[in-house]
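Using the sequences and the hints, build the whole thing.
Number of protein chains: 4
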Amino acid sequence: MKVGFIGLGHMGSGMARNLIKAGHNLVVYNRTRSRAEAFRSAGAVVAESPGEAAVGVEALITMLSDDRAVEDSVLGPGRALESLPAGSVHAGMSTVSAALSRRLEAAHRDKQQYYVAAPVFGRPDAAAAAKLFIVAAGPSQQIERCQPLFDVLGQKTFLVDEKPPAANVVKLTGNFLITTAIESLAEAYALVSKAGTSSLFAAPIYRNYAGIIANHQFEPAGFKLPLGLKDNRLVLALAEEAAVPMPMASLIHDRFLAAMAQNLSEADWSAIARISFKEAGIEKAA
Amino acid sequence: MKVGFIGLGHMGSGMARNLIKAGHNLVVYNRTRSRAEAFRSAGAVVAESPGEAAVGVEALITMLSDDRAVEDSVLGPGRALESLPAGSVHAGMSTVSAALSRRLEAAHRDKQQYYVAAPVFGRPDAAAAAKLFIVAAGPSQQIERCQPLFDVLGQKTFLVDEKPPAANVVKLTGNFLITTAIESLAEAYALVSKAGTSSLFAAPIYRNYAGIIANHQFEPAGFKLPLGLKDNRLVLALAEEAAVPMPMASLIHDRFLAAMAQNLSEADWSAIARISFKEAGIEKAA
Amino acid sequence: MKVGFIGLGHMGSGMARNLIKAGHNLVVYNRTRSRAEAFRSAGAVVAESPGEAAVGVEALITMLSDDRAVEDSVLGPGRALESLPAGSVHAGMSTVSAALSRRLEAAHRDKQQYYVAAPVFGRPDAAAAAKLFIVAAGPSQQIERCQPLFDVLGQKTFLVDEKPPAANVVKLTGNFLITTAIESLAEAYALVSKAGTSSLFAAPIYRNYAGIIANHQFEPAGFKLPLGLKDNRLVLALAEEAAVPMPMASLIHDRFLAAMAQNLSEADWSAIARISFKEAGIEKAA
Amino acid sequence: MKVGFIGLGHMGSGMARNLIKAGHNLVVYNRTRSRAEAFRSAGAVVAESPGEAAVGVEALITMLSDDRAVEDSVLGPGRALESLPAGSVHAGMSTVSAALSRRLEAAHRDKQQYYVAAPVFGRPDAAAAAKLFIVAAGPSQQIERCQPLFDVLGQKTFLVDEKPPAANVVKLTGNFLITTAIESLAEAYALVSKAGTSSLFAAPIYRNYAGIIANHQFEPAGFKLPLGLKDNRLVLALAEEAAVPMPMASLIHDRFLAAMAQNLSEADWSAIARISFKEAGIEKAA
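Chains as they are written, first to last, in the working numbering: chain L, 3 to 288; chain P, 3 to 288; chain Y, 3 to 288; chain C, 3 to 288.
Note that the list lumps identical chains together, so a pair holds whenever it fits in one copy or between two copies.
Within a straight-line C-alpha distance of at most 16 angstroms, the following computed EDC-like cross-link-like pairs (lysine to aspartate or glutamate) qualify:
| # | residue 1 | residue 2 |
| --- | --- | --- |
| 1 | K196 | D163 |
| 2 | K196 | E243 |
| 3 | K196 | E242 |
| 4 | K226 | E268 |
| 5 | K4 | E60 |
In case anyone wonders, no lab produced these hints; they're calculated from the structure.
Remember, it's a predicted structure, so these values are computed and weren't measured experimentally.
As structure tokens, this is what we get:
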């Protein structure tokens with residue numbers, strides 16, 4: 003399939019490579035041009051602009067860091083929306099707001115294009131290994147059409163709704179649940195380590211983050227802390243729109259701010275645990 | 003093995019039955035006498051007092067609701083501590099404070115008895131089905147000695163430390179993690195249901211509590227709310243002793259109090275979710 | 003002085019009347035035209051547009067409900083910025099973001115106009131009675147120039163900085179302190195009333211809000227709850243920008259959301275107390 | 003009046019001196035004997051035991067650090083309860099739990115003695131300067147009888163109820179309100195100082211704590227942090243008993259624990275502000 007692919011960051015680069023390996027014809031675009039050049043030798047065409055990446059493709063995938071980056075690539079003059087052929091489908095795989103998903107759905111409909119929201123769960127290593135979990139929402143025929151691409155990118159696709167924003171709600175809520183697990187593990191770890199035992203963290207539950215926390219290994223980042231702050235902000239915005247008080251999300255928000263103030267912006271988002279450790283007077287790994 | 007068993011409540015009754023079925027000779031005691039009588043036909047001896055339940059046994063198991071109930075049964079004149087034979091072992095399986103575990107360890111040592119803390123994870127149905135997870139701490143020889151009993155009661159025993167209170171710390175921390183999962187699921191459910199989709203809760207993760215929450219089925223209680231409040235209080239006490247701020251545990255504490263003020267004391271502890279629902283203006287199941 | 007005055011709501015109407023009474027020549031504008039008409043008989047000129055209200059004036063005062071309303075009136079084609087004479091001063095008295103204050107300062111500078119931020123403390127009755135407290139920041143000569151107007155509008159002007167956004171920071175922080183006082187009083191009231199005494203609230207400290215809370219008199223609103231939510235949002239935005247965790251502000255945010263979900267949008271912002279009451283199972287005033 | 007006085011700490015020593023100066027005959031007792039000796043030259047009789055301090059007095063005043071210290075001095079064999087004459091009155095001026103106040107009221111009634119709870123607001127300098135605010139509850143005749151003593155000790159006495167525990171509820175709630183003011187000021191200060199202005203703290207409102215916070219002057223302590231933690235614990239216990247969720251009190255609790263973990267136990271209780279500062283990355287006073 004001829005596929006436009008915008009966004010070759012930590013996640014997108016592994017995903018694009020997997021699509022190329024599977025035989026799809028990719029036109030790639032990345033704002034920092036040098037990252038895109040590396041894909042030429044793998045067989046991709048390198049576009050000069052986001053608009054050019056959408057010319058003549060059957061499907062367009064965007065995998066960018068936030069709402070603004072997606073808006074800049076898709077909406078506005080000279081962007082992908084203008085050059086994407088009628089009848090084509092845009093699979094938005096970035097973690098963005100439900101509000102942007104609604105806007106994109108309407109904008110594509112006006113151009114007789116289709117929009118599917120398909121954000122993913124998984125870190126860069128999962129993206130590279132094609133082990134992502136994909137949460138897809140949109141017209142079912144369009145999701146079916148994207149399914150061969152999703153099969154190359156992830157290990158499982160969850161269909162959640164006919165309306166694209168639902169996938170963003172699910173993704174954001176999922177990230178919220180991960181952050182609360184991180185925070186509760188951090189508090190739990192601080193407690194057991196000061197109360198004299200840390201064997202709980204040998205338990206198989208929550209293996210990944212419990213291990214990171216127990217070993218204070220917050221670098222290198224699998225998912226950078228400012229991105230976690232951003233997703234939390236999207237959760238809080240959604241909660242405000244729906245008038246749903248979420249005290250745990252608020253608590254996580256303040257943890258992220260404290261972590262930013264401690265210059266942890268290059269660390270993994272699980273480094274919010276450092277705030278619990280500092281408050282408990284735990285300075286080093288046991 | 004000749005075993006004394008004190009506490010035939012929702013958890014203890016299933017456990018005692020399993021021990022009898024496996025061929026152990028039980029002397030049972032329960033404060034409300036009628037519950038004990040029912041075990042006579044199954045082959046147990048019914049003791050008149052906690053002290054009598056400990057006479058001549060190799061192992062004593064206590065499965066009671068809180069610190070005070072354990073103190074009342076074991077410590078003090080005429081209680082189990084006085085009649086338990088030297089060389090015998092007391093396996094304390096109740097969820098109690100680490101501080102009480104320390105006191106019991108010392109008290110038994112003074113009498114040349116042994117103490118193992120072995121609190122469990124699992125609801126009454128798991129107790130009845132011998133599917134409990136047992137967290138054991140104490141002298142390893144004594145845990146080995148109790149292992150045949152634990153094998154009858156649970157599906158797995160985790161050894162955590164030579165010092166009994168460590169098992170209580172692990173159990174309390176485990177309950178803390180469960181309550182934070184409940185609270186975060188409740189907030190997440192409130193969000194997705196008001197933001198227009200609830201498919202997240204079809205996901206296989208966190209199946210049990212997510213199902214209870216999504217269906218608003220907080221009764222009948224698997225674990226009553228006031229017991230959850232009690233365990234949370236023990237976590238907070240431990241945290242205060244260790245000078246570990248635990249904002250999530252504090253948040254859960256306030257949820258429990260709100261639930262008590264809404265007369266939810268007969269509901270399952272997961273009914274703290276009702277507070278999130280009320281705050282979000284969600285009155286009924288979708 | 004010839005003064006343009008935009009925004010004749012609960013606050014602005016009393017303020018405009020006081021300026022007219024003091025002999026100033028007012029050109030007034032209000033989006034809902036009927037509210038403006040009422041000022042014609044008092045001697046004001048009624049403008050057809052925000053732009054017209056700024057023509058030929060020495061000072062322009064804006065007293066609007068939020069950032070968007072100020073942007074709509076001042077910035078953009080045909081708005082006040084275009085018609086305000088060079089050398090004139092705009093006193094922005096609305097409670098808006100520090101970010102908007104920065105933008106306004108720059109926009110006016112480009113037009114050789116001056117900008118003073120002068121948000122106020124006080125409810126509509128204080129506005130009508132000329133008892134406002136005014137927090138002013140900007141070039142000191144320009145504040146001096148506005149002083150005769152401020153003297154008519156308020157009982158005291160606090161000068162905080164040469165840079166306008168500082169006044170907005172002070173105003174927003176002040177509102178934050180008021181909301182935390184309301185919340186802590188609400189919790190305190192819930193405690194004392196359930197613990198059997200309510201005499202604390204006869205104390206002279208915190209008289210106003212303590213009285214409102216003790217009597218559950220949240221209507222009519224002095225300051226509507228959604229405006230409180232808005233100001234809290236501005237505080238949180240400022241805190242995020244500065245990387246300052248503010249758990250109390252987050253707590254207040256969730257109280258506001260809960261109040262919105264309970265349909266309290268017409269009540270006074272102190273009605274967040276109702277959430278504390280509901281959670282504590284207090285349904286009616288004692 | 004012949005007065006027994008137990009507890010010559012930071013608060014009690016100033017109070018006892020004022021009573022002596024006013025011409026009352028004092029019998030003083032302090033656990034650390036040397037502190038009591040200093041009062042001999044001032045004209046006081048030094049008792050060998052708390053019991054001896056109550057022999058033949060008309061009024062007994064206790065001013066101790068916590069529930070346990072009061073229990074140790076008044077209840078139990080050889081303590082003040084046994085030697086206080088029938089018809090005499092005990093004015094308990096310590097900050098203790100409402101539960102202890104209930105117990106003391108009953109115990110004194112059994113001995114035909116009277117009990118008045120009369121906790122105070124004010125720091126050691128206010129105690130020395132006879133500027134305390136006294137919150138008194140108990141039988142009105144007994145409060146009248148103590149009034150000449152209260153007039154010597156404080157600047158004003160508030161009568162709150164016929165039942166002694168009410169005064170403790172008021173005192174604890176008052177301390178709760180002070181801690182929330184401290185915490186909100188700390189967050190506010192962190193915000194304004196990072197957002198570029200600190201003039202708010204020149205405002206006359208909340209002068210004392212705002213000044214301490216703005217100058218980071220948490221030592222010497224007026225009221226030591228562990229005492230603040232203790233009072234907060236009493237508030238939370240009262241709230242749990244009454245089923246009143248108090249999220250702000252919980253937040254303060256965690257601040258106190260964090261401060262304890264940062265070795266701030268010798269600092270003033272307002273040093274919980276340091277936690278806000280640390281979290282915001284503010285290390286030194288501006």
